[in-house]
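Full structure from sequences and hints, please.
Number of protein chains: 2
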Amino acid sequence: MAIDSQAPSPIIILDQPQMGENIGAAARAMGNFGIKQLRLVSPRDGWPNEKAKIMASHAGDIIENATVHTRFHDAIADCHRVYATTSRSRNVAIPVLTPREAAMEIVQHHLQGQQSAIMFGAERTGLENDPITFANALVVIPVDTAYASMNLAQAVVICAYEWFVAAKGTIPVSPHKKELASKHEIEGMFDHLATSLDTKGFFSTPALKPSMVRNIRTMLTRADFSSQEVRTLRGIIRALVGRE
Amino acid sequence: MAIDSQAPSPIIILDQPQMGENIGAAARAMGNFGIKQLRLVSPRDGWPNEKAKIMASHAGDIIENATVHTRFHDAIADCHRVYATTSRSRNVAIPVLTPREAAMEIVQHHLQGQQSAIMFGAERTGLENDPITFANALVVIPVDTAYASMNLAQAVVICAYEWFVAAKGTIPVSPHKKELASKHEIEGMFDHLATSLDTKGFFSTPALKPSMVRNIRTMLTRADFSSQEVRTLRGIIRALVGRE
Numbered sequence: 020m021a022i023d024s025q026a027p028s029p030i031i032i033l034d035q036p037q038m039g040e041n042i043g044a045a046a047r048a049m050g051n052f053g054i055k056q057l058r059l060v061s062p063r064d065g066w067p068n069e070k071a072k073i074m075a076s077h078a079g080d081i082i083e084n085a086t087v088h089t090r091f092h093d094a095i096a097d098c099h100r101v102y103a104t105t106s107r108s109r110n111v112a113i114p115v116l117t118p119r120e121a122a123m124e125i126v127q128h129h130l131q132g133q134q135s136a137i138m139f140g141a142e143r144t145g146l147e148n149d150p151i152t153f154a155n156a157l158v159v160i161p162v163d164t165a166y167a168s169m170n171l172a173q174a175v176v177i178c179a180y181e182w183f184v185a186a187k188g189t190i191p192v193s194p195h196k197k198e199l200a201s202k203h204e205i206e207g208m209f210d211h212l213a214t215s216l217d218t219k220g221f222f223s224t225p226a227l228k229p230s231m232v233r234n235i236r237t238m239l240t241r242a243d244f245s246s247q248e249v250r251t252l253r254g255i256i257r258a259l260v261g262r263e
Numbered sequence: 020m021a022i023d024s025q026a027p028s029p030i031i032i033l034d035q036p037q038m039g040e041n042i043g044a045a046a047r048a049m050g051n052f053g054i055k056q057l058r059l060v061s062p063r064d065g066w067p068n069e070k071a072k073i074m075a076s077h078a079g080d081i082i083e084n085a086t087v088h089t090r091f092h093d094a095i096a097d098c099h100r101v102y103a104t105t106s107r108s109r110n111v112a113i114p115v116l117t118p119r120e121a122a123m124e125i126v127q128h129h130l131q132g133q134q135s136a137i138m139f140g141a142e143r144t145g146l147e148n149d150p151i152t153f154a155n156a157l158v159v160i161p162v163d164t165a166y167a168s169m170n171l172a173q174a175v176v177i178c179a180y181e182w183f184v185a186a187k188g189t190i191p192v193s194p195h196k197k198e199l200a201s202k203h204e205i206e207g208m209f210d211h212l213a214t215s216l217d218t219k220g221f222f223s224t225p226a227l228k229p230s231m232v233r234n235i236r237t238m239l240t241r242a243d244f245s246s247q248e249v250r251t252l253r254g255i256i257r258a259l260v261g262r263e
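Protein chains in written order, with the numbering used here: chain B, 20 to 263; chain Y, 20 to 263.
Hints listed in this document are in silico derivations from the structure and should not be mistaken for laboratory results.
No false leads were slipped in.
Any copy, or any two copies together, can satisfy a pair, since identical chains are not distinguished.
Below are the BS3-like pairs computed for lysine-lysine, each with C-alpha atoms no more than 30 Å apart in a straight line:
(1) 55 - 72
(2) 202 - 219
(3) 187 - 202
Everything numeric in this text was worked out from a predicted model, so none of it was measured.
This is how it looks when you write it as structure tokens:
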């Protein structure tokens, strides 16, 4: 089925980007491939950034409309699916995709009314472990391991290009439609669970709490819960906790 | 002129490049995707160029080994096939290819011992008509016509990436390996949960219980839990229920 050229595009999220030049170059790359929404989480040099505007060239409107967030949780709250780009596969129990596979998934999810975001980490370090626990899948760009260090904007352009090619191509449409819960709903459930567990003394070894919290989030993210299922799960948590 | 039939990758030719930064970024992109040979035809700001070296990052050897030519004829003399990238299709009687189609051709020609080159024009103007008459095919990167102006290094990275993917095949990124819980373990957790919910009065409408049970089982099955995750979940259930 041919895709409407007005097909909604993924949101690009840059987590803690360092250089304005790279933000601008990323925006220009987005514009080249029909992606308009840019979100920045704690850009190092503040915002607005003159260098970003210059490097964006004709895509200045993408820079002007970019939103800035202090926590990445806010940047992904209204998204249904988050793809975390990393330079290497990590030991995380979520699918690992090539940019092409991710692009095809994103196009299919959009046809079902689901908003996707592709998240990129800081130039020097890449994505930290914490944002990755919010992701539905890792996206690993295949590179020559001898020169694995990739420029941020060039990683963005490859993902944007693959999305554009996938969105303009022809793909089979899955008839199964399901309303995925938004990240906001998932987080609400997760907070509910974590708070309940804390109350009940689940985290008996404080040093292990962060990794336990990450593992639980990964499990719950992977399940692709619908809004209805999130409500059911919250009912389950409520019921299990019962009256104190 | 003799060519190295073992040459594993295409040659990148930049015709009259203007900015050292773009030359360096192009070299870095080449390094990321296993392409080593860079040739420059009349770089505007001369050569060597300090900015190119800085932007190349870890791919400094590609910059150091780059050759400079005054005429593009010399830069392509030992090549068998030349691909000319342009931002728009031109009125030239040669095939017009996407970057992906060109990449597949280049891989095939290399298998037959033929050396290919991919040629890029100056930042401001793109390739002039004269070099295009030496090309075997045009390569047009599909872009959003509203933001058609593409950065030179980003055009290079897309062609380099497509070649790498075509030459190396879909890189098997480590599939997320994990030990799925057995149905026995899943059922044990499920029974634990259902019993706990019953004790807590979750199934307040007996008529709805069977469908609620089915829905919960579906959710928990879909998540593909590992044995370790099942143990964690049972710990969660136990903690939430607490002491009666």
